[in-house]
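Engineer: Same order as they appear, the protein sequences are chains E and F. Sequential numbering of the first sequence, starting at 1, is according to our numbering. Sequential numbering of the second sequence, starting at 69, is according to our numbering.
By construction, these hints were calculated from the structure, which means they are not laboratory data. There's no promise every hint is true.
[Claimed, not checked] Quick list of simulated restraints, FRET-style, between CB atoms:
no.	chain 1	residue 1	chain 2	residue 2	range
1	E	39	F	321	31 to 41 Å
2	F	252	E	44	33 to 43 Å
3	F	145	E	19	47 to 57 Å
4	F	93	E	24	22 to 32 Å
5	F	224	E	32	20 to 30 Å
[Stated by the list, open to error] Just so you have them, the derived chain E footprint on chain F, three or more residues with Cβ under 8 Å:
no.	region
6	101-110
7	160-170
8	174-186
9	308-316
We put the beta carbon where it would ideally sit given N, CA and C, even for glycine.
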Amino acid sequence: MTVSVNGEPRELPAGASVSAVLDVLDLEPRRRGIAVAVDGEVIPRAEWGAFPVTDGARVEVLNAIQGG
Amino acid sequence: MSGPPVSAEAAPVPAATAAPLRIAGRELASRLILGTGGFTRLETLAAAIEVSGAELVTVALRRIDPAARGSLIDVLDGAGVDVLPNTAGCFTARDAVRTARLAREAFATDWIKLEVIGDEHTLLPDAPELLLAAEELVDEGFVVLPYTNDDPVLARRLEDVGCAVVMPLGSPIGSGQGIANPGNLQLIVEHAGVPVVLDAGIGTASDAVLAMELGCDAVLVASAISRSADPVTMARSIRLAVEAGALARAAGRIPRRTYARASTPREGMPELAGSGSHPDA
């Protein structure tokens with residue numbers, strides 16, 4: 001299936017979880033200061049391992065930058 | 069005068085300003101909130117944080133860049149400061165609320181600096197959307213610190229919906245124009261039942277002094293420090309300015325007068341002029 005990750009199309013196996021998306025980005029999931037939204041809704045960290053991403057979903061993976 | 073000479077590096081001025089700043093039950097000894105935007109190096113940011121004495125610093129939330137060097141969060145953790153996430157870049161209440169929820173998840177804090185922008189060139193707040201977002205976030209249990217216009221009525225409305233502070237602008241973000249409308253700021257301070265934090269517009273130390281003299285409880289400064297030629301020195305300058313302004317406010321300035329009021333008594337003046345030389349003679 002194809003999933004949009006931070007605006008870039010990514011190929012993932014069907015039924016992949018949010019954690020699988022973080023793996024694709026080579027991110028350490030325990031790293032602090034990361035938030036994930038799927039189709040605009042926040043996915044709490046505790047649910048990343050189980051939350052299934054569906055075909056065509058828009059996944060946003062965010063972290064802290066300087067600002068304000 | 070008596071007492072030992074005071075060195076320029078003397079300890080911070082003891083707070084004649086009574087109680088520490090209190091926001092949503094949390095005490096902050098520093099009345100300077102530092103914005104992290106605009107620092108070109110994380111090392112400079114870390115040094116500026118230390119010199120500023122700030123306990124609370126803002127951050128934004130953006131798409132992760134796996135190639136980015138250095139971790140902002142690690143720097144902030146190392147500095148021992150708390151993070152105040154913002155909703156910068158949001159133009160609607162809906163986007164701001166979603167960003168706030170993401171920030172709560174990312175940083176494990178209920179505190180949010182709420183920005184809802186209405187115009188990309190002036191970055192001025194969008195009042196109706198701001199109020200809508202503030203109400204929603206308060207309902208969701210956030211401690212809301214809204215960046216707002218220098219509008220006393222809007223400030224009151226934000227307080228009414230449960231914001232923890234109000235943060236009126238002095239002038240547009242990053243403009244360095246200082247406090248464009250001191251009269252409005254004074255009205256906001258006079259009627260506010262929550263702390264007033266001047267947010268945006270400060271260009272240099274004197275602007276921060278004025279904000280505190282007008283009765284603000286704190287100032288939030290980013291660009292004036294981060295984009296100055298020497299951010300670490302400017303951080304120290306603004307820190308001292310905030311302290312100076314708070315002390316002046318607590319001490320109570322003299323009223324402005326049209327005419328002079330002699331500080332030396334006239335009584336006891338000697339008669340020194342010779343006869344015939346007096347201008348009235």
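Engineer: Compare the structure with each hint and give your call.
Structural biologist: Hints, one by one, checked against the model:
1. Residue 39/E and residue 321/F have their C-beta atoms about 56 Å apart, which leaves the hinted 31 to 41 Å range violated.
2. Range check, residue 252/F to residue 44/E: about 41 Å between beta-carbon atoms, so the 33 to 43 Å window is met.
3. Residue 145/F and residue 19/E have their C-beta atoms about 24 Å apart, which leaves the hinted 47 to 57 Å range violated.
4. At roughly 42 Å, the beta carbons of residue 93/F and residue 24/E sit outside the given window of 22 to 32 Å.
5. Roughly 37 Å separates the CB atoms of residue 224/F and residue 32/E, a value that falls outside the hinted 20 to 30 Å.
6. Only when three residues or more bring their CB closer than 8 Å to a CB of chain E does the claim for the region 101-110 of chain F stand; here the count is 5, and the claim holds.
7. Taking a C-beta to C-beta cut-off of 8 Å, the region 160-170 of chain F contributes 3 residues in contact with chain E, enough for the three needed, and the coverage statement holds.
8. For the region 174-186 of chain F, the proposed coverage by chain E is satisfied: 4 residues have a C-beta within less than 8 Å of a C-beta in that chain, meeting the threshold of three.
9. For a cut-off of 8 Å, the count of residues in the region 308-316 of chain F with a CB near a CB of chain E stands at 0, and the three-residue condition is violated.
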